[in-house]
Amino acid sequence: MKSKKIIALALACTLSVGAFAGCAKKKSESISDWTMIAFMAGKELNEGNEIQEELAKKTGVRLKESWNTSQDVASAVGTMIASNDLPDLIDGGNGSKMLAEAGMLVAWDDYLAKDEYKNLKEMFSDKQWELFRQADGHIYWANVFGKTYGEPKSRGHNDEAFWVQVRVLEWAGYPIIETLDEYFDLLDSYAKANPVNADGVEVIPYTALCEGWRYFCVENAPEFLDGYPNDGSVIVNLDDPDNPKIEDYNVTPTAKMYFKKLNEVYNAGIMDPEFATMDYDTYIAKLASGAVLGMCDQNWDFAQINNTFIDKGYKELGYNYVPLGLVAEKGQTKNQWHAYADVPNVSSGIAVTTKCNDADKAFKFLNQMLDQEIHDLRFWGVKDVDYLVDENGLYYRTEEMRANWQNDAFRAKHVCNYSYLPQWGGTHRDGKNAMKPEDQESEFFATLSEPLKKAFDAYGYTSYGDFLRSEHITQLGFWYPMYSHSNDMDSTTDYGAAWLKMGDCKHEWLPVVITSKDFESDWAAYQAAYAECKPELFLAEMQKELDRRAALGK
Amino acid sequence: MSTIEKDAPALKSKLNKAEVKRQRVLLIVAGLYVVYGIIFYYLPLFGWIMAFQNYKLKDGIFGSQFVGFKWFKFLFDDKTFLRDLRNTLGMGVINLVATTVTAIGFAILLSEVRNVMGKKIVQTISYLPHFLSWIVVTSIVRDAFATKGMINELLQGLHIIKEPISYFMHTKYFWPIVAISNVWKETGWNAIIYLATITSIDPSLYEAAAMDGAGRWQKIKHITLPGIRSTIIILLIMNIGNVLNAGFEVQYLLGLGVLKPVSETIDIYVLNYGMANFSLGTAAGIFKTFIAMILIFLFNFIAKRAGEERLF
Amino acid sequence: MFKKLTKSKMSGWDWAFVICNTTFLVLFCCVTLYPVLNTLAYSFTDGSEAILKNVHLVPRKFTTSAYKKIIFEMTGFRQGLIVTVSRTFLASVLSLAANALLAFVISRRNFIFKRSLSLFWVITMYANGGLIPSVILMTKLHLTGTFWVYIIPGLVSAFNILVLRTYMSSLPDSYEESAQLDGAGHMTIFARIISPLCKPVYATVFLFVAVYHWNSWFDAMIYNRLKPQNTTLQYELQKLLSSLTQLNPTADSSGKTANMTTEIQVRAAATIATMLPIICLYPFLQRYFVTGLTIGGVKE
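Protein chains in written order, with the working numbering: chain H, 2 to 555; chain F, 17 to 328; chain A, 906 to 1205.
Think of the hints as simulated: they come from the structure by calculation, not from any bench. Glycine included, C-beta positions come from ideal geometry on N, C-alpha and C. Mixed in with the good hints, there may be bad ones.
[Stated by the list, open to error] When the alpha-carbon atoms are kept at most 20 angstroms apart in a straight line, the in silico SDA-like pairs for lysine to any residue are as follows:
{"hint": "1", "chain 1": "H", "residue 1": "K44", "chain 2": "H", "residue 2": "E54"}
{"hint": "2", "chain 1": "A", "residue 1": "K1019", "chain 2": "F", "residue 2": "E324"}
{"hint": "3", "chain 1": "F", "residue 1": "K164", "chain 2": "H", "residue 2": "Q407"}
{"hint": "4", "chain 1": "A", "residue 1": "K1019", "chain 2": "F", "residue 2": "K235"}
{"hint": "5", "chain 1": "F", "residue 1": "K74", "chain 2": "A", "residue 2": "F982"}
{"hint": "6", "chain 1": "A", "residue 1": "K973", "chain 2": "H", "residue 2": "E54"}
{"hint": "7", "chain 1": "F", "residue 1": "K235", "chain 2": "A", "residue 2": "V923"}
{"hint": "8", "chain 1": "A", "residue 1": "K1045", "chain 2": "A", "residue 2": "I1057"}
{"hint": "9", "chain 1": "F", "residue 1": "K95", "chain 2": "H", "residue 2": "K44"}
{"hint": "10", "chain 1": "H", "residue 1": "K535", "chain 2": "H", "residue 2": "I474"}
{"hint": "11", "chain 1": "H", "residue 1": "K535", "chain 2": "F", "residue 2": "D159"}
{"hint": "12", "chain 1": "F", "residue 1": "K72", "chain 2": "H", "residue 2": "D137"}
{"hint": "13", "chain 1": "F", "residue 1": "K135", "chain 2": "A", "residue 2": "I1057"}
{"hint": "14", "chain 1": "A", "residue 1": "K1019", "chain 2": "F", "residue 2": "A319"}
{"hint": "15", "chain 1": "H", "residue 1": "K65", "chain 2": "H", "residue 2": "Y496"}
{"hint": "16", "chain 1": "H", "residue 1": "K414", "chain 2": "A", "residue 2": "V923"}
[What the hints assert, rightly or not] A few chain H residues that face chain A, going by a derived Cβ cut-off under 10 angstroms, partial list only:
{"hint": "17", "residue": "L87"}
{"hint": "18", "residue": "I474"}
{"hint": "19", "residue": "L477"}
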């Protein structure tokens, strides 16, 4: 008797699942409900998100975005191909090539040739589009990030730098810091003079994270110190401009100088003794407590501490970081820490899949995303609700609007920027505003804290990029960035296997070298272990790719 | 349940028509399950073909190029893989011994508690960490073993050490830390099985022993331990098959750069080098299955020889 | 009677043992309870404090925002809950029935294929073909994209069969023999004689299966990635957690946000939310299996 009841209950439960599946919402027929997957972290929107509905009315497409970071991209793409279960749009990340090879993506070529889709065409120059062309002669995706319309407007620096708390600069009378020696001297002398923060926290002059994939914080500075841009895995030497040469930044004299310096400051107690054993959470906790005077990192990697700084009033104490563009030798003008040029990462981007039942409509939708009206709706929001327009036609936000756009709950119900669809940075088509609010001048200065404002004024800088004193190179090499090639590598090729081994070797040895009591012999041992990974296979492949790209650019 | 019936010689099943007819229903049911097992467990093993191919997603399992033992050679020519195999076996065995011993010990100690309420509360609390994810547990372990952490403070307070030890900078502490973490997280959960087995031991045996003047230790030695002996052996055989699954998360989360030489397991190796290379991952999987089966057969045989319980 | 006897006979050594044992168990409880309470404290701590990692047993800057986030901001919370509860319940009942029946067959003393069948299932514990072949199989069987992909593939599992088989083997044969004399068939013996005796072991297997299904999210991701009606609670939690690691606004932008949630804090709340139902279920099952879980093998 009892078991019958249980089974009945179980059946009832199951039926209710079916019932829920069955009761689809009433939706107007002209609007297509499509899905999109990106292999990146992101927040899903609420059902009936206000701007999403508005966009659906204007474009005829309601896009349900899913984010997938719980599984490596290759397995995810593998399972999707195996089950033939694909969304309508996809950003395949490192799996883009596999999707294209498996015939799962729709080619862009025909659409790019038509005038109807000119917004899409406008994203890149003809030559740049060639970089997206795959071995089978077609273009399957377009990267949507790091693209500037008209004049650049950005005042932030979202990338890598040696950072220093602004109070340290203030204490030292706003000096210009150029080299590692100057940098560590500054940190050390400040820490000696002010060993303890106002709330009793002991300062840590310098720390470096070397956990997991985030070990770039300790690993790739040599490439920047020598004045090269972030090609990621290699340096492109332009001594002979017609014959760019791949170089390995792991074995340069600068690399040895840099790690020797780290070893010296570690043994002098300037560097955090726990740096090699801390995980990311511990690192962030240290930064958020205001204890760390300086570190090398990408801005987006630690930006989350900002809320704690505001909450605890650290913002007014000058704990916020500003970036420094250090170079290997004093007086060196070669410096590309801050990129003033666009960086198209050709290895991935937004694509339309063969599962999509109306490819024409999909490309029309992508094209519409770049219409100014739609673009404003995505990034600025609804006029008078999310932003105001002053008498000069400049967009601005009130304190409340700003707070709303930072509030997760508000965003989920109201904001829909389809962050992985085509988009622009830089200047608005009206020539006055910025494409995105974070680049708008008024927005930027409205949120600077007092100590930061003082530093900007003292140096006469107007953007974070100015602190880095980088060269204003607006046209980078056509091959840039080379990491878009190494990102794709795996152990199925011998150069890919070498690349993975090199990473493994650095992971293991760099902390050993930095904490060494006998730097020279450990450095030699490290270099020997590194050479065993056969980096020459990897470098040869990179040279091949560089030559290919350089030829396309001619 | 009485021991006499258990020890009676099993009737040798004879494969004759009458017997088959008598067991008709059982055979039909077993047959259906075999069909199910073949479909859901054995059929996917066709994927093992990938280990002998340069598997490409676009070509599929039936279209990819065959390369023989290339990927197995890749594994065994790689010093890193052999090092990781050693780490996996080392940690696997230490963890197995540590968690088994502590689970049995805990179960016995708990069974000695007479207060039913107390017993239930302790048991409930003890299995809770099983539900915490490794990321939560390792974060606490890391703090506890930090230079200024609890462990160092305790040892300094007790004057066992003078200077704080930087546990995560020295390779020699890593395996014990992993074992301790496992014990901490799983003792209570693993003990459920032993505890239940203990409670199913006939109480009259203890009563009789008490009459004979047996002490607490003697009762444990002569009644409790023999009572759970078969459980211990069966679980050991099953878990020995799992030593190569010594773990992934805990080592991955705790084993930063300097610890790589002792912390990396086969699973981490596969994560690093098997990314987008399904052939290599499959080859490593086949190798693990192969070792597991050898160990299982070996220990099942030993158990049979010793006249103990066995798996099959 | 027995109790009294031991009490009166307790020697000095016994007292020492009881005291040591109690102290040890209390200490052990403290050590195992700490991470749970620590997680609980984090789940009620505001993100701006949690990020500093200085919470122990008491929350700092108390807030329930992490729980609110899970309940209100998680898009698939309601549907995920329905699916998870359904699959947990249905799978526990069906798996139990399926495993019990097979265990009954294998545990029959004179069953012809007793050993080979045991081996057949033992192998399934250690051999698997990998992810992609499984996905291909599920797609060919038309299970991909359905609710049943959660139930059918894991219905029979070797570990549970071995637990059940052992218990059944240990039951006295006399029950079965007398039933056979009365002319009862195998199925009648299974349903009427054996099963009622197996309540404790059934409760245990029920718990194992329920815990597994309550916690699964990987299968939801692999097989129902694009089917929000078949999402599970744990998959939604997983997605929520990974969304928190997304890129944050640049360093000095921002007006102040009222309630900040961070990964640490929501992860803690999600852990507590996951544990809670199992903790509630446990006392009901505990009374069964503290008196009767056993596992063992074929005795020569």
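A quick look at each hint next to the structure:
1. For the proposed pair K44(H) and E54(H), the alpha carbon gap of about 17 angstroms is at most 20 angstroms, so the pair holds.
2. Taking the CA atoms of K1019(A) and E324(F), the gap is about 17 angstroms. The hint holds against a cut of 20 angstroms.
3. At most 20 angstroms may separate the alpha-carbon atoms for a hinted pair to count; K164(F) and Q407(H) exceed this at roughly 36 angstroms.
4. Annotation: proposed proximity of K1019(A) to K235(F) is violated, straight-line Cα distance about 35 angstroms (limit 20 angstroms).
5. As the CA atoms of K74(F) and F982(A) are separated by approximately 36 angstroms, the hinted pair breaks the 20 angstroms bound.
6. For a cut-off of 20 angstroms, the pair hint linking K973(A) to E54(H) is broken: about 25 angstroms separates their Cα positions.
7. Proposed proximity of K235(F) and V923(A) is supported: the alpha carbons are some 15 angstroms apart, at most 20 angstroms.
8. Only pairs whose Cα atoms come within 20 angstroms are accepted, and K1045(A) paired with I1057(A) is accepted, the gap being roughly 14 angstroms.
9. Restraint check: the Cα-Cα separation between K95(F) and K44(H) comes to about 42 angstroms, which exceeds 20 angstroms; the hinted pair is violated.
10. With a C-alpha separation of about 34 angstroms, the suggested pair K535(H) and I474(H) falls outside the 20 angstroms cut-off, and the hint is violated.
11. Distance restraint check for K535(H) and D159(F): the Cα-Cα separation of roughly 38 angstroms exceeds the 20 angstroms cut-off, and the hinted pair is therefore not satisfied.
12. For the suggested pair K72(F) and D137(H), the alpha carbons sit about 16 angstroms apart, so the restraint of at most 20 angstroms is met.
13. With a C-alpha separation of about 37 angstroms, the suggested pair K135(F) and I1057(A) falls outside the 20 angstroms cut-off, and the hint is violated.
14. Taking the CA atoms of K1019(A) and A319(F), the gap is about 18 angstroms. The hint holds against a cut of 20 angstroms.
15. Using a Cα cut-off of 20 angstroms, the hinted pair K65(H) and Y496(H) is violated, with the two alpha carbons roughly 38 angstroms apart.
16. The suggested pairing of K414(H) with V923(A) is violated, with an alpha-carbon distance near 60 angstroms, which exceeds 20 angstroms.
17. Look at L87(H): its Cβ gets to within about 8 angstroms of chain A, closer than 10 angstroms, so that hint holds up.
18. Nearest Cβ of chain A to the Cβ of I474(H): about 22 angstroms, over the 10 angstroms cut. The hint is violated.
19. Because the smallest distance between the Cβ of L477(H) and any Cβ of chain A comes to about 22 angstroms, over 10 angstroms, the interface hint for this residue is violated.
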